[in-house]
Every structure is written in structure tokens, then in C-alpha cells.
Amino acid sequence: DAGVIQSPRHEVTEMGQEVTLRCKPISGHNSLFWYRQTMMRGLELLIYFNNNVPIDDSGMPEDRFSAKMPNASFSTLKIQPSEPRDSAVYFCASGEGDNQPQHFGDGTRLSIL
Amino acid sequence: GQQLNQSPQSMFIQEGEDVSMNCTSSSIFNTWLWYKQDPGEGPVLLIALYKAGELTSNGRLTAQFGITRKDSFLNISASIPSDVGIYFCAGRGNTGNQFYFGTGTSLTVIP
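Chains A and B, in that order, are what the protein sequence lines are.
Residue numbers for the first sequence, in the working numbering: 312 to 424.
Residue numbers for the second sequence, in the working numbering: 31 to 141.
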């Protein structure tokens, strides 16, 4: 079975550039989550969607971050403009619904120079 | 957001030893999850717990949902080198789909 698919796996870019991270959830899952992981702060929830609708975006650090889910099989997390402190591993996870475990992708390792 | 306290932060053990780690919360949770993360990969679900007092096994791993609903425990018996990684707990309360994650326990197994 295909798991959560994220792309790219690695991205290195200069500060000020726009960064777009992509996620394809597991087919049939109706919840999608974006996380950021750093050594200092651990795993932080940025935003999550239920049935393609954003439910809680209180974890999004600032206006430079935006996320969309145009359909049930695709989501993007965009950072514009990017800054060095955005460097982290970004994970996407999906779940079958209320109270069901989340399944994670392998993440995008982002480095902003 | 919610913070889960996970301990110990790191462990160094000999191959064959048993391992215990735990996770505590200031709030009551209805669901506890345990994940393992290998370097360069995403967390992988190990065990899910849905009822207070529940004890669930997955091979050499056993996890328990604490009676108070504010804690959970993970035990690994007869550790092997491939158990190396970071173990995360996650808990969910009454509302919403959001799980709160612990800070992780880094496990090193010495052959």
C-alpha cells in the first residue's frame, strides 16, 4: 500500500525564495496534518485539514506560511519569503478521521541559506 | 499547545536488556499512540491505545494506557540493535483531531 508521499525529500534554497512542499495523503484518509520538526522544538503541528477544510492553523508560525488542500489527494505548504530559521524537517501525515492514528510521510528536509 | 513530558530523554542499553519509557500529561487523554522514528524517515506507528488500563502488545513491544488517563508506558523486551531510534508518544483529548506529541526518547542499543 502506498503511504503518505511527500516531495521533494530535500530542498536547499536561498533566503527570500518561495518554497513549496507537497503531500499526497493515503487514499481514503480524510484528515491531513502538516508538522515541523527541529532539534530545539521537537514535532510541532502547523495546520490540519478535515475533508479538505482547514480546521486549526494556530500552529502556523506567521503570515509567510500558507497551506492549501484543493482536493482529497493533494496538499501544499508554502513559505514565502523563506528565512534561515525556517530550516527544519517538514512532515505531512494523514488519518482516517476522528481519533484515528496519523500515518507520516518521510518528510522534506528544508535548508534555507 | 499541550506539552507531553516524555522520559527518559535518552537511554543507552546493552543488547538483550529490557527498556521502559513513559509519557505524562497534565490533561486527560482518550487516545495514546506510540511511534518510532528512524534517522531520515518519518515516525512509524507502533501501538495505539484507546481505553484506560488497556495493555497492548506488538511483538516485543508492550504499551499501557494509564488508569488516570494522564500517562502511558512503553516497554521493549530483549532489545536488539534495530530498536535504535527515537520513540514518541502522542495523546488526544476529547475534541478535535489533533494529537499532541512528546519530546521523544532516544534509544541506543549497544551490541
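Hints were generated in silico from the structure; no laboratory data involved.
Any given hint might turn out to be false.
Below, a sample of chain A positions facing chain B; criterion: calculated Cβ distance under 8 Å [unchecked claim]:
#, residue
1, 319
2, 322
3, 324
4, 328
5, 356
6, 402
7, 415
8, 416
9, 417
No residue lacks a Cβ here, since even glycine has one placed at the ideal position from N, Cα and C.
Check your understanding: Which hint numbers doesn't this structure obey?
Key -> 1, 2, 3 and 4
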